[in-house]
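Protein chains in written order, with this note's numbering: chain A, 1 to 429; chain B, 1 to 430; chain C, 1 to 280; chain D, 1 to 295.
I should point out that these hints are in silico values taken from the structure, not numbers from a laboratory. Don't take every hint at face value.
Label-pair restraints from in silico Cβ distances [stated by the list, open to error]:
#	chain 1	residue 1	chain 2	residue 2	range
1	D	L61	C	P167	52 to 60 angstroms
2	A	E300	D	V111	51 to 59 angstroms
3	D	V80	A	G408	49 to 57 angstroms
4	B	I101	A	A216	54 to 62 angstroms
5	B	F166	A	N361	32 to 40 angstroms
6	B	A113	D	V111	38 to 46 angstroms
7	A	N220	B	D290	21 to 29 angstroms
8	C	V15	B	A213	25 to 33 angstroms
9	C	G178	D	V280	20 to 28 angstroms
10	C	R173	D	M1	43 to 51 angstroms
11	D	T33	C	R257	50 to 58 angstroms
12	B	A213	C	R257	30 to 38 angstroms
13	C	E55	D	V280	51 to 59 angstroms
We put the beta carbon where it would ideally sit given N, CA and C, even for glycine.
This is what each chain is made of:
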Amino acid sequence: MWLSLIGIAALLLVLVVACGDDEEGEETPTGTPAAAETPTGDKTPTVAGPDEGITDTEIILGAHFALSGTMGAAYAPVLDGVRSYFKYVNAEEGGVCGREIVYKVEDDQYLPSGAVEAVAKLLERDHIFAMIAGLGTAAHAAVWDDLNEKGIPDLWIMSGAHMWAADPEAHPWSVAILPDYYVEGTIIGKYISENYAGKKVGFFGQNDEFGEDELAGLKNGLDPEKNEIVSEQTYEPTDVSVRSQVINLKNSGAEVVHGACIPPGCAQLIKESDRLGWHPQFFIGYVNADAMMFDYASPELMEGVITLQGNKMADWTDDPVIAEHHRIMDEYGNMPAGNFTVEGQLVGELTVEALRATCDNLTRQGLMDAVHTIFDDYQGDIGIPGILIDLSEDDHYGVEQMKLLIAGIDENGKGTWEYFGDIINFREQ
Amino acid sequence: MRLSSPLLLRILGFAFLAFFLIYWLPFSHALPDGLPMRFGTYRTIQASIACVWVLVALGLNILTGYNGQISLGHTAFVATGGYTAAILMADHGWPFWAVLIPAAVVSGALGLAVGIPALRLSGPYLAMATMALALAAPQVLKKYDGLTHGTQGISVRGDWSTAPGFIGDMVTQDQWSYFVALFLAVVMTLIAWNVIRGRVGRAFVAIRDSEVAAASMGINVPRYKTIAFAISAIFAGIAGAAYVQIVGYIAPESFNVLRSINFLTTIVVGGLASILGSILGAISFKMVDDISDFLPLGEGPMAEQVPWALYGGLLIVVVTIMPYGMAGAIRRFQMWLAFRKPSERRVALGGPALGIVAAIAVSELAGGSLGIIVGLVVALAITYSLWLPALVRGATRGYGRWVGALRGSRGPPGFVTSEDASDERSDAER
Amino acid sequence: MLAVRDVIAAYGPIVALHGISLEVQEGSIVTVLGANGAGKSSTLRAISGLLRPKEGAIEFEGRRIDRMSAEEIVALGISHVPEGRQLFSELTVLENLRLGAYSRFARAHGDGRRVHREDLSPLGRLRHDLFHAATGGIRDAAREIGQYRRRRRDFEAALNQVFEHFPILAERRKQMSGTLSGGEQQMLAIARGLMANPRLLLLDEPSMGLAPMVTQEIFRIIETINRTQGMTILLVEQNASLALDIAHRGYVLETGRIVLADTSENLQKDEAVRRSYLGY
Amino acid sequence: MDELLQQVAAGLATGSIYGLLALALVLIYRSTTVINFAQGEMAMFTTFVAWTMLHWGTYWLVFILILLMAGGLGALIERVVIRPVEGAPTLNVIIVTLGLFAIFSNVATIVWGGQPQAFSHYPINDETVKLGAVVLSVHDLAIMLFAALIMIGLYVFFQYTPLGLAMRATAQNATASRLMGIRVGRMLTLGWALSASVGAVAGMFVAPIVLLQPPMMLAVLLYAFAAAVLGGLDSPFGAVVGGLIIGVTESLVGTYTPKEWLGPEMALTVTVFIIILVLVIRPTGIFGKRVLRRV
């Protein structure tokens with residue numbers, strides 16, 4: 001028995017060694033103790049010390065991200081886009097405010113508990129200044145209260161759930177970047193009622209908050225006089241086949257279908273309906289606005305499918321910004337350029353812009369103030385002209401404007417996404 | 001009373017453990033500057049979650065290790081306990097201490113309900129049936145969202161979960177959660193101990209070894225098998241409540257089937273039918289997260305995959321060279337020790353104990369991680385000089401098995417088993 | 001034909017055989033007598049390769065077999081009918097018999113071409129191991145297919161011969177072997193052993209758990225097989241009087257050692273044997 | 001009626017995928033009584049290799065090469081990592097397969113990245129066949145054909161060939177098998193090799209449907225496990241039938257149960273509970289052998 005105890009003790013000692021870098025952190029002069037190190041940090045939400053995460057040479061930023069686990073690796077390109085852009089800024093623009101950007105990313109395996117651990121590690125060990133692009137709805141939901149209580153800027157949340165920016169007063173430190181799924185559903189609903197009045201609508205959605213928000217939005221956007229939802233089908237992201245759902249959609253007589261699905265699911269939706277010889281008008285969520293879709297389902301099948309996006313497409317290599325993005329990814333990145341890496345660069349650019357505006361007052365509050373002030377109808381390089389980002393104290397939605405995209409085929413038989421119609425403002429929905 | 005050296009060591013061990021768990025681990029920031037404290041919030045949270053896994057592993061080990069019933073559905077029980085706790089706390093304003101009993105009861109009731117059909121199943125059939133629970137749990141939680149808040153999840157923050165009164169002024173929320181989890185882990189370990197040592201535990205083991213023989217001894221086999229499920233689920237339910245207290249949020253995605261399967265890995269690696277094994281398995285499983293800290297992997301997008309690939313390899317090696325888990329390896333070492341001369345034994349045990357004390361002392365005096373490393377090196381040097389022959393023998397033995405297996409059909413499976421088993425048994429008899 | 005010399009064998013730390021020596025002449029029935037746990041079964045296991053001797057030598061027709069695997073030994077012509085019969089209870093009688101004949105065909109491709117791993121250089125061994133790992137199953141399969149026709153003919157012949165000895169098995173050929181009576185199971189076990197067309201048959205307690213009438217029937221058949229086919233038989237038995245009746249020679253084992261060795265007539269007359277094993 | 005037929009056909013098409021991988025699981029279970037949790041990941045891995053090879057080879061050539069390579073991989077795995085734990089408790093072997101799971105899924109992500117890939121160059125995909133109201137693609141028919149062929153092939157192999165008989169014998173009684181001259185180790189290796197090959201077929205057919213990505217076989221594996229258990233773990237026939245039952249059940253539950261409290265969201269849940277119900281009535285699956293218990 002006592003031997004067992006010593007065994008446990010020895011094991012725990014390994015833990016001691018495992019956190020060797022804690023001391024390194026403590027040895028680095030970090031100025032005044034920060035909120036994370038205040039004993040009663042939970043009782044009174046103290047504003048962070050000005051220097052936490054900022055040294056003479058570095059600005060330390062962090063993120064929790066699903067890097068391993070079953071679903072994780074699919075989103076890695078976003079992260080690689082952010083990271084490559086920061087590397088590029090450090091190497092070619094001399095960093096920000098005379099400091100290098102250090103971007104620390106901790107794996108959360110897409111789990112809430114993993115995110116809690118990851119954030120604790122980032123705050124305490126890496127002494128991050130701000131959270132940039134934390135990924136995943138459930139994972140981020142477990143940590144954002146904590147970040148807000150501690151006063152850590154929680155910028156560009158990588159999830160389109162409705163809640164992030166719904167109440168900026170309750171969560172003043174959290175800023176969303178991805179368009180709201182609910183709003184997306186609304187926009188598509190309105191578009192359907194305007195252009196496909198009288199047609200029956202089918203809904204195909206992932207069985208989680210993504211599908212749920214989109215469906216609620218769709219119902220909100222559809223004009224009940226003009227269109228009726230005849231079938232609501234859900235699928236699990238892990239489903240092997242969605243044919244059963246597609247048959248039900250077809251049999252319901254739907255003529256227009258909105259798919260709240262991620263690329264593999266959407267590709268199946270489109271392929272299966274083709275097999276059934278059924279070709280309704282498809283709308284799919286903006287996560288699918290990527291050239292990869294033409295690989296997943298052929299350009300011929302994709303033709304006419306409508307989605308939304310606000311960024312320049314990764315295959316517009318004639319555009320100087322995208323050409324530059326390809327160069328950045330080639331030189332600093334580990335992954336090929338795609339729309340996910342473009343999104344990553346957008347996040348990187350916004351971060352750098354905000355930090356530049358904060359140089360005189362490099363504090364967390366200062367960063368938030370900058371975020372609230374400089375992004376006033378801001379036109380970024382990445383967004384297509386007219387797509388403006390607007391943030392303020394009481395508006396924490398990042399990208400709120402998008403344009404419709406329709407899939408077409410170019411003269412080489414390759415699939416392309418073409419923007420059409422007016423810019424749609426999410427805020428007005 | 002004369003203090004014999006093993007007793008002294010035992011007291012020292014307990015004292016160290018208590019010091020480590022109660023003072024060293026959580027209180028890094030609550031104390032004045034200058035004291036060399038090693039741990040902070042991150043380790044505290046990690047340790048808290050390790051406590052939760054310890055709770056689950058204890059329960060699963062009672063079911064699988066002691067009663068021989070396999071379960072791949074324990075996340076369903078954890079989720080049941082967690083959701084019961086979260087709903088009562090967030091929607092009905094119950095304090096944490098009050099939700100423990102309902103969490104245990106609801107989860108235990110589900111365990112009972114599962115235990116009855118499980119009576120007819122065994123082996124992979126039972127594994128499948130229980131896995132079905134883990135598969136179904138997220139769907140059920142999402143579908144009936146009136147109670148469970150559906151895909152939104154439940155956020156549990158506020159007065160229900162914070163420390164009462166004056167304690168709240170002394171510790172942070174994370175530390176408080178840790179003490180709660182630690183307390184639960186300790187209490188439930190003692191309860192598990194009692195269950196196993198008692199009449200019920202003996203019945204479990206008898207049923208595992210032979211249902212027919214157990215029945216002929218007058219043991220009500222169906223009753224005890226169902227009880228095992230219920231007890232196991234109670235442990236998982238309490239773990240779920242502790243999880244909610246620590247993470248402050250629960251959602252259908254909080255647990256998945258893979259996590260369920262990992263629980264099984266935990267207890268096999270730790271040691272089946274061993275309380276110590278459950279604890280070791282859960283802690284070491286938590287430590288896998290730290291593999292990446294030790295490896296110079298850089299920042300490549302795939303850097304995170306390397307540790308998990310290594311983890312897979314490690315799993316294979318550990319299970320191969322330690323067929324009875326970490327607890328079994330320790331037992332083996334104890335056997336080995338029993339045949340040493342007393343002087344050697346003292347060094348072999350005193351070495352690590354001394355090293356640990358030295359490590360604490362040096363680090364307190366000198367500060368920094370240097371002290372701990374020096375202390376550990378001393379301890380390891382003294383100890384390994386004695387363990388070395390045994391280690392080498394163990395390692396080559398493992399290698400021999402590998403070579404023998406590679407060679408082809410020389411090592412007949414049936415026979416290697418019985419030979420090895422008898423080897424193992426005779427070790428135990430000594 | 002078979003010579004066992006000073007064999008020491010152990011299960012882990014428990015030594016079962018403390019230096020056994022015995023000989024079996026071609027065409028004879030030799031019996032090994034002894035109480036439970038004397039090491040009778042272990043002796044047979046050592047011969048058939050299931051228990052590897054720690055020391056000593058076992059020779060079969062002048063060739064060392066104590067380092068060979070069980071599969072190689074059965075291919076040489078030693079068939080072991082194990083204690084407790086060890087039938088494939090969920091297979092039919094016929095399938096059990098087919099399995100009994102399995103080794104005949106393993107033998108066909110002979111030892112001549114087989115490379116002995118131990119003879120190779122370390123590098124050669126590694127290559128050999130890897131090659132086996134990669135191709136073993138495929139080669140076996142190819143061989144099976146190649147020799148199908150001849151196998152079939154040989155098998156039919158062996159089957160007819162076995163059914164002559166055990167006509168009841170012919171009736172029950174489609175039945176699951178687990179559903180046979182104890183005596184029939186024992187017959188099947190022996191028949192399965194015979195299907196390998198062995199030169200030496202090792203029988204481990206054929207009388208175990210059987211009614212006296214059945215036992216006598218089985219012993220009668222054993223004797224017939226020996227007489228008509230000239231089959232060499234090494235018989236381990238607790239029922240000493242029956243065994244000595246049919247055997248030419250006998251050994252008496254006690255706690256892993258041979259304490260007596262003589263012809264069966266002499267053993268039947270021996271005072272100690274009569275007292276301990278024959279009961280009169 | 002048409003709707004019912006369509007749903008049943010959809011369920012059969014999906015179910016035969018489960019059945020295919022379930023066949024692979026059954027092959028290993030029969031010889032070692034172990035559920036190989038790495039089965040799906042091995043299939044995923046070989047499919048990625050096939051995808052790489054497709055850049056320079058024709059589909060059917062690659063298909064055959066991959067079957068052979070998968071067989072080699074299975075044999076190698078059995079020899080190198082499974083054999084050393086041969087005599088250990090079953091749970092240990094299962095943990096080893098979980099270790100393999102982690103290795104394959106993470107190595108595949110490292111080598112090929114986590115992004116889904118289109119499994120193109122695929123010759124039997126787009127055509128459809130109409131049977132009344134039911135539409136099936138050539139791909140579906142190919143899966144069903146392969147599932148049936150492999151099932152029948154395995155049945156013939158186990159029932160009528162000496163090697164198959166030897167494998168069955170090995171699974172029942174290893175010691176007695178050695179006494180028959182069967183190289184037990186080789187039978188186990190062969191079992192793993194066959195199983196990996198069958199798994200590879202499943203992988204090749206799943207990839208065009210769900211896109212080629214490291215987690216693609218995870219759900220298939222769980223369904224296949226359920227299918228194998230439902231059919232009875234030692235029966236190849238049961239594996240395929242189990243897969244079909246699960247596929248059809250899921251389709252029908254998603255379509256015909258009341259949307260308010262069940263519906264497609266609960267299809268998986270209802271299906272697994274039906275499986276549990278079947279198991280409670282027949283504890284070793286529909287076609288599984290009753291275990292004879294001796295004291």
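Structure-based check of each hint:
1. The hint said 52 to 60 angstroms for the Cβ distance between L61(D) and P167(C), and at roughly 55 angstroms that hint holds.
2. In this structure the hint that E300(A) and V111(D) lie 51 to 59 angstroms apart at CB is violated, the actual value being about 31 angstroms.
3. Distance hint for V80(D) and G408(A): a CB-CB separation of about 52 angstroms, consistent with the stated range 49 to 57 angstroms.
4. As the Cβ distance of I101(B) to A216(A) is approximately 37 angstroms, the hint placing it in 54 to 62 angstroms is violated.
5. Our hint of 32 to 40 angstroms for F166(B) and N361(A) holds, since their Cβ atoms are close to 38 angstroms apart.
6. For A113(B) paired with V111(D), a C-beta distance near 45 angstroms keeps the hint of 38 to 46 angstroms intact.
7. Take N220(A) and D290(B): their Cβ atoms lie about 46 angstroms apart, and the range 21 to 29 angstroms is violated.
8. A beta carbon spacing of about 30 angstroms between V15(C) and A213(B) agrees with the range 25 to 33 angstroms that was offered as a hint.
9. In this structure the hint that G178(C) and V280(D) lie 20 to 28 angstroms apart at CB holds, the actual value being about 26 angstroms.
10. Our hint of 43 to 51 angstroms for R173(C) and M1(D) holds, since their Cβ atoms are close to 49 angstroms apart.
11. As the Cβ distance of T33(D) to R257(C) is approximately 39 angstroms, the hint placing it in 50 to 58 angstroms is violated.
12. At roughly 35 angstroms, the beta carbons of A213(B) and R257(C) sit within the given window of 30 to 38 angstroms.
13. Distance hint for E55(C) and V280(D): a CB-CB separation of about 56 angstroms, consistent with the stated range 51 to 59 angstroms.
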